[in-house]
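The hints should help you fit chain B onto chain A, whose structure is shown.
Listed below, chain by chain, are the residues.
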Amino acid sequence: GAVVSQHPSWVICKSGTSVKIECRSLDFQATTMFWYRQFPKQSLMLMATSNEGSKATYEQGVEKDKFLINHASLTLSTLTVTSAHPEDSSFYICSARGGTGVETQYFGPGTRLLVL
Amino acid sequence: AQSVTQLDSQVPVFEEAPVELRCNYSSSVSVYLFWYVQYPNQGLQLLLKYLSGSTLVKGINGFEAEFNKSQTSFHLRKPSVHISDTAEYFCACSGNTPLVFGKGTRLSVIA
Chain A
1 GAVVSQHPSW
11 VICKSGTSVK
21 IECRSLDFQA
31 TTMFWYRQFP
41 KQSLMLMATS
51 NEGSKATYEQ
61 GVEKDKFLIN
71 HASLTLSTLT
81 VTSAHPEDSS
91 FYICSARGGT
101 GVETQYFGPG
111 TRLLVL
Chain B
1 AQSVTQLDSQ
11 VPVFEEAPVE
21 LRCNYSSSVS
31 VYLFWYVQYP
41 NQGLQLLLKY
51 LSGSTLVKGI
61 NGFEAEFNKS
71 QTSFHLRKPS
81 VHISDTAEYF
91 CACSGNTPLV
101 FGKGTRLSVI
111 A
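As they're listed, the protein sequences go chains A and B.
Quick note: the first sequence uses this note's numbering, first residue 1, plus one each step.
Quick note: the second sequence uses this note's numbering, first residue 1, plus one each step.
Derived from the structure by calculation, the hints contain no laboratory data.
This one's a predicted model, so the numbers in the text were calculated from it and none came from an experiment.
Warning: the hint list may mix true and false statements.
Unchecked claim - Using C-beta positions, here's what the derived DEER-type ranges look like:
1. B:96 with A:63: 21 to 31 Å
2. B:7 with A:63: 10 to 20 Å
3. A:87 with B:71: 34 to 44 Å
Every residue, glycine too, gets a C-beta built ideally from N, C-alpha and C.
Chain A on its own, in the form it takes in the complex:
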């Protein structure tokens, strides 16, 4: 149980394009979802927290207009990187919390974004 999926696992795009990453909780209802960013050999940096049906709460320094987060249902959250640039290249990982283990966050496999 408590499986979180992400799609796509890899994406390569040209500078200036937008990229959408999907995060799904497969076997539980995720009341809260989180988006993290991880640079090589570093820890995870929380970008934003979203509750189903509400606007996401962004961490300080994260551009809301650049990283659009939608949590439209209890099993799906999306992160859209708008007008991506090479500095946005990173590993993006989503996490979900909910169901019986409301204190535990479960993580997706991550999405590697490379902007050329």
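Just chain B, lined up with the frame of chain A:
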């Protein structure tokens, strides 16, 4: 606010030897404590967690950790490591807030 300190950035150990990965936390409220493992180019997998009750918690893959409130520690241990345990290990805490992570410890198991 919470914070997590992983004292060792890298830990090399020979196969079948015991290992301890250290983690200390700081919090003004009661916390939940977690250890996650990350293999290359993958997400995080939950190894074990402490929520309440017994201070010794057992997780997957033969790992265990002990919550020590007086020392504000949650060290991860395994009595005998395998090559397949080579990975990045993250300690994290949560006071019903988003997880706060340590910087990670790279465990390298040497044959």
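Verification of the supplied hints:
{"no.": "1", "hint": "B:96 with A:63: 21 to 31 Å", "verdict": "holds (27 Å)"}
{"no.": "2", "hint": "B:7 with A:63: 10 to 20 Å", "verdict": "violated (34 Å)"}
{"no.": "3", "hint": "A:87 with B:71: 34 to 44 Å", "verdict": "holds (40 Å)"}
Consistency note: the structure conflicts with earlier hint 2 alone.
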